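What the sequence shown shows, in mature numbering (1 follows the signal peptide of the UniProt record, and there is no 0), is residues -27 to -1, 1 to 241, in sequence order.
What you were told as hints is all true, and nothing was included just to trick you.
In the DSSO-like style, the derived pairs of lysine-lysine whose C-alpha atoms are separated by at most 30 Å in a straight line are:
{"no.": "1", "residue 1": "Lys114", "residue 2": "Lys131"}
{"no.": "2", "residue 1": "Lys199", "residue 2": "Lys159"}
{"no.": "3", "residue 1": "Lys168", "residue 2": "Lys131"}
{"no.": "4", "residue 1": "Lys168", "residue 2": "Lys114"}
{"no.": "5", "residue 1": "Lys114", "residue 2": "Lys200"}
{"no.": "6", "residue 1": "Lys199", "residue 2": "Lys168"}
{"no.": "7", "residue 1": "Lys168", "residue 2": "Lys200"}
{"no.": "8", "residue 1": "Lys159", "residue 2": "Lys114"}
{"no.": "9", "residue 1": "Lys131", "residue 2": "Lys98"}
{"no.": "10", "residue 1": "Lys159", "residue 2": "Lys131"}
{"no.": "11", "residue 1": "Lys199", "residue 2": "Lys114"}
{"no.": "12", "residue 1": "Lys114", "residue 2": "Lys98"}
{"no.": "13", "residue 1": "Lys98", "residue 2": "Lys159"}
Derived from the structure by calculation, the hints contain no laboratory data.
In this text, all values refer to a predicted model and were calculated from it rather than measured experimentally.
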Amino acid sequence: MATLRPRIRAVPLRPLLLFLLVPLIYSVSRLHPWSPEKGVCLPPPTAPKRPDHLVLGPAAGQGRHDRLQCHGLKALNNIGISSDRNYSGEHISFVTVFTTYGSVPDGDGKVPSDTVTVGNHSYSKIERSMAILNTFTNFIKVSMPRSNVIILTDPDSKFSVSQGSATLMPIEGNYSRGNLMLQRIKSYIAFLEQKLVEFDRVEGFNHFVLTDSDIAVVDDLGHIFKKYPHCHLALTFRNNKGQPLNSGFVAIRGTRDGITNGILQTSP
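Work out the full structure, taking the sequences as your base and the hints as a guide.
This is how it looks when you write it as structure tokens:
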């Protein structure tokens, strides 16, 4: 008597191969991103959106005994405090590098191509830059009226500041757009070297804060030098291994050692 065996249904080969190869193809595509051939018109990849809000979180170096940190909105809350009451007694000079560049005219030769319109008013790039510089000096006059501002600039620059708000100090160098970051450091070094030569002829200490001109000073920074008398040099750091030092703010004690260390630390 013959025994009936259950029939085994054959699995189609093509669906099986497709099922096995899809994960492999996906993995290879992740390792080797596909690049379009020449001549294929595809939209350029969108750049990642930069954050447009304040992040009040942990900062680099937070918790270290040799780092000062800004906390919360303290700077905003101190704007209305009288500077006379906060005066530390330390004489400080703010030093910044600033230059202007000519506007590029349009075809008609009348309206600069870099003009921006706010309401019914138009401003050139030079006017915008000067507005930022004037804001910088005005904040210092309110927060630290006993300090002074020194602007290191290209001897060929064509701009002026209101009398009593700042002092212009021309320093030779290459102030072109592409070289301005390096020239800023060189101008700082030339300034400090000059102050080191004049050190023995000047009575008392004059501390220096080297800073960008697009900041607002809202409190008396003299407390840094008064509270930390053994600190010759204060630098700001950024979370960037390729460029950890940030020349946007350098506080230098006005002693011979402080100025000397400032020259060494700011050297490119």
